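Quick note on this note's numbering: the sequence shown kicks off at 2 and runs consecutively.
Please keep in mind that the hints were generated in silico from the structure rather than gathered at the bench.
Everything numeric in this text was worked out from a predicted model, so none of it was measured.
Fair warning: there could be bad hints in the mix.
Claimed, not checked - In the SDA-like style, the derived pairs of lysine to any residue whose C-alpha atoms are separated by at most 25 angstroms in a straight line are:
#1 Lys35 / Gln96
#2 Lys61 / Asp28
#3 Lys35 / Asp91
#4 Lys61 / Asp91
#5 Lys80 / Glu37
#6 Lys80 / Asp63
#7 Lys80 / His53
#8 Lys61 / Phe49
#9 Lys80 / Ile38
#10 Lys35 / His59
#11 Lys35 / Tyr72
Stated by the list, open to error - Estimated spans, in silico, between C-beta atoms of each pair:
#12 Leu25 / Glu113: 27 to 37 angstroms
#13 Asp91 / Ser34: 30 to 40 angstroms
#14 Ser34 / Arg112: 24 to 34 angstroms
#15 Arg71 / Asp91: 15 to 25 angstroms
#16 Gly36 / Asp91: 18 to 28 angstroms
#17 Lys80 / Arg29: 18 to 28 angstroms
#18 Val41 / Gly64: 12 to 22 angstroms
#19 Gly64 / Ser89: 17 to 27 angstroms
#20 Ile54 / Pro104: 12 to 22 angstroms
#21 Glu37 / Met90: 16 to 26 angstroms
#22 Ser73 / Thr30: 12 to 22 angstroms
#23 Ala105 / Leu81: 13 to 23 angstroms
#24 Gly64 / Glu113: 26 to 36 angstroms
Cβ coordinates follow ideal geometry from the N, Cα and C atoms, glycine included.
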Amino acid sequence: MSRRALMLCIATAMAVPAFAETPLSVDRTELDSKGEIIIVRRTTWPDFDGAHIQVDQHLKPDGFGRLIYRYSDQSEATKLYHQAFCASMDMEPSQGEGTIEGPAAGWVCTRENAPGSCVGIQHRSFYPS
Numbered sequence: 002m003s004r005r006a007l008m009l010c011i012a013t014a015m016a017v018p019a020f021a022e023t024p025l026s027v028d029r030t031e032l033d034s035k036g037e038i039i040i041v042r043r044t045t046w047p048d049f050d051g052a053h054i055q056v057d058q059h060l061k062p063d064g065f066g067r068l069i070y071r072y073s074d075q076s077e078a079t080k081l082y083h084q085a086f087c088a089s090m091d092m093e094p095s096q097g098e099g100t101i102e103g104p105a106a107g108w109v110c111t112r113e114n115a116p117g118s119c120v121g122i123q124h125r126s127f128y129p130s
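Using the sequences and the hints, build the whole thing.
Following this line, the structure appears as structure tokens:
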């Protein structure tokens with residue numbers, strides 16, 4: 002094995018633990034019911050019982066290298082996970098759409114504050130840790 006190949010193997014082995022906590026995301030391209038291209042991004046998320054679950058997000062390419070997440074385009078299983086994820090923080094899933102760039106995966110949760118409070122809507126995005 003050459004010295005360069007050996008250094009590359011050592012560097013790779015040292016980097017693996019740094020990413021051990023990062024959920025794995027895998028993309029695949031499919032056609033939706035209208036025959037349009039979608040990206041199905043499967044990511045591993047906590048299941049709220051100390052284990053993990055794989056969740057598919059259906060994302061629409063926007064033609065500029067970004068992906069669009071629409072709550073209404075998701076499977077029932079994904080909507081249920083999104084609801085449970087947000088409910089764990091006393092929030093609700095955002096019903097709009099969000100733009101994702103690169104390999105990111107995440108959820109957008111919102112909460113309306115009580116009448117008379119300074120901020121009407123709280124909006125938070127969550128990504129795997």
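If I claimed the Cβ atoms of Gly64 and Glu113 lie 26 to 36 angstroms apart, would that claim hold in this structure?
34 angstroms Cβ-Cβ, so the 26 to 36 angstroms window holds.
Holds or violated: Lys61 to Phe49, with C-alpha atoms at most 25 angstroms apart:
The hint is violated at about 28 angstroms.
Val41 paired with Gly64, Cβ distance criterion 12 to 22 angstroms
Check passed, 18 angstroms falls within 12 to 22 angstroms.
Range hint 18 to 28 angstroms: satisfied by the CB atoms of Gly36 and Asp91?
violated, 40 angstroms
Between the alpha carbons of Lys35 and His59, is the straight-line distance 25 angstroms or under?
holds, 14 angstroms
Does the alpha-carbon distance linking Lys61 and Asp28 stay inside the 25 angstroms limit?
Given that 25 angstroms is the threshold and the Cα spacing comes to 12 angstroms, the pair holds.
Measure nothing beyond the straight line between the CA atoms of Lys80 and Ile38; if it is 25 angstroms or shorter, mark the hint as holding.
Holds. Lys80 to Ile38 sits at ~20 angstroms (cutoff 25 angstroms).
Confirm or reject the claim that Leu25 and Glu113 have a C-beta distance inside 27 to 37 angstroms.
Holds - the Cβ-Cβ distance for Leu25 and Glu113, about 34 angstroms, lies within 27 to 37 angstroms.
Would you say the C-beta atoms of Gly64 and Ser89 sit inside 17 to 27 angstroms of each other?
violated, 35 angstroms
Ala105 paired with Leu81, Cβ distance criterion 13 to 23 angstroms
22 angstroms Cβ-Cβ, so the 13 to 23 angstroms window holds.
Would you check the hint for Lys61 and Asp91, treating anything up to 25 angstroms between C-alpha atoms as holding?
violated, 28 angstroms
At the C-beta level, are Ile54 and Pro104 separated by a distance inside 12 to 22 angstroms?
With Cβ atoms ~19 angstroms apart, the hint holds.
In this structure, the hints that do not hold are numbers 3, 4, 8, 16, 19 and 21, in rising order.
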